[in-house]
Amino acid sequence: MNQLRLLMVTPRYWPLVGDTERVTSRLAHEFCARGCSTTILTARWNNDWPASVVHRHAIVKRLPGSPRGGWTTFRYMRALARWVREHQNDFDVVYVMNLRQDAYAIAGALRAIGPPVVLRAQRAGATGDCYWQEHARFGGRIRKRCHGAAAIVASTEIGVEELLRAGYSSIHQIEYGADEMEPRSAASRYHARVALADVNQDLEVAEFAPVAICVDRFTEGRGLAELIRAWFPIADRWPSAKLWLIGDGPLRDSLYEGIVDLGLRQQISMPGSFDELSELYHAADVFVSASTDFGTSQAMVEAMAAGLPIVASSTPDMRELMDDGVHGFLVPPDDRRRLSERISQMFESTELAFQLGLAARRRVRECLSLDRVVDDHLTLFHRLAHSTLRGTA
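For reference, each letter of the sequence shown is one residue, going 1 to 393 in the numbering used here.
Since the hints were derived computationally from the structure, they do not count as laboratory data. A quick note: this is a predicted structure, and the numbers were derived from the prediction, not measured.
The calculated lysine to aspartate or glutamate pairs, modelled on EDC-like cross-linking and capped at a C-alpha distance of 20 Å, are: (1) K61 <-> D90; (2) K61 <-> D48; (3) K144 <-> E161; (4) K61 <-> E86; (5) K144 <-> E134; (6) K61 <-> D275.
My request is simple: use the sequences and hints to build the entire structure.
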């Protein structure tokens, strides 16, 4: 096998932005750079979007319609199954970025035929795939079919433990990974803030004002309403301080109403989603996650790679990712007062924040490099592809 032919399947992809979309994009780009022929199969959420594009060297195929629930999801699943059956000989491995309807459709379509199917459990806890399978309609049926996948990838030890309890086997832990970014400095901070203000007035900030950034999808379980309330005493002490909430989602309107009700419209900005975050990280002083269930994300690992200290809820996955007081601070979930205090501590002691950020950067360089993550994936994919070839020889 001279060139690995890889199909990645995800319901949402660029120009939509979220954690799964970001992981898929980073991996696809690196797979292409390693010489893999990479195709991304996804939904066409907007009728104006072209059915086929190239994004970061990967071919993107968009199927008509979008899985918005009910009949639309069923039609999308049928379209997925039909497409992969028709193109099964074009790929050596299929990598599905969830254990939900997409996984059910792909695993069923390629059962006993075609290339091996690898599934990725993106999150753990109440927002993860195992929990979803326990509580969703037809979740048990979907789980049973997912058990037949050639391999399952989990990003955390907590995720591996969940999968084992749910009866999965052939589980491989492959963490989030990030490239090391240019070191942050006073000069890069200044230039990043000027550049961002030029393109989005919501990102205007005084030169020396402290900035916290949170990158997340605006959905339940992310602690965003608590984070907004935690900002009130910070705004009282540092009127020019800014909280940038980067992302989008179904709670956007209600979160904005909460900001307005608290009189924090000038202190908290919701500028939308960004495909690339490096300039935002250079402009900010601390990365914050108030997720009460599962906090680890591609955006957070990239923030650590940029040298940003972390303030996050002390969830099991976060205790796995970072050490409290070494790479940042962990606070009890839903403890608004403690969250506010730790962010304030970062603003008060820039030297402490700098040292924590350096440690976070070292953590990524030594343990969470993107090269290592890609190596682990390709080792798995090549082994499965060669096993399939031997089995059909």
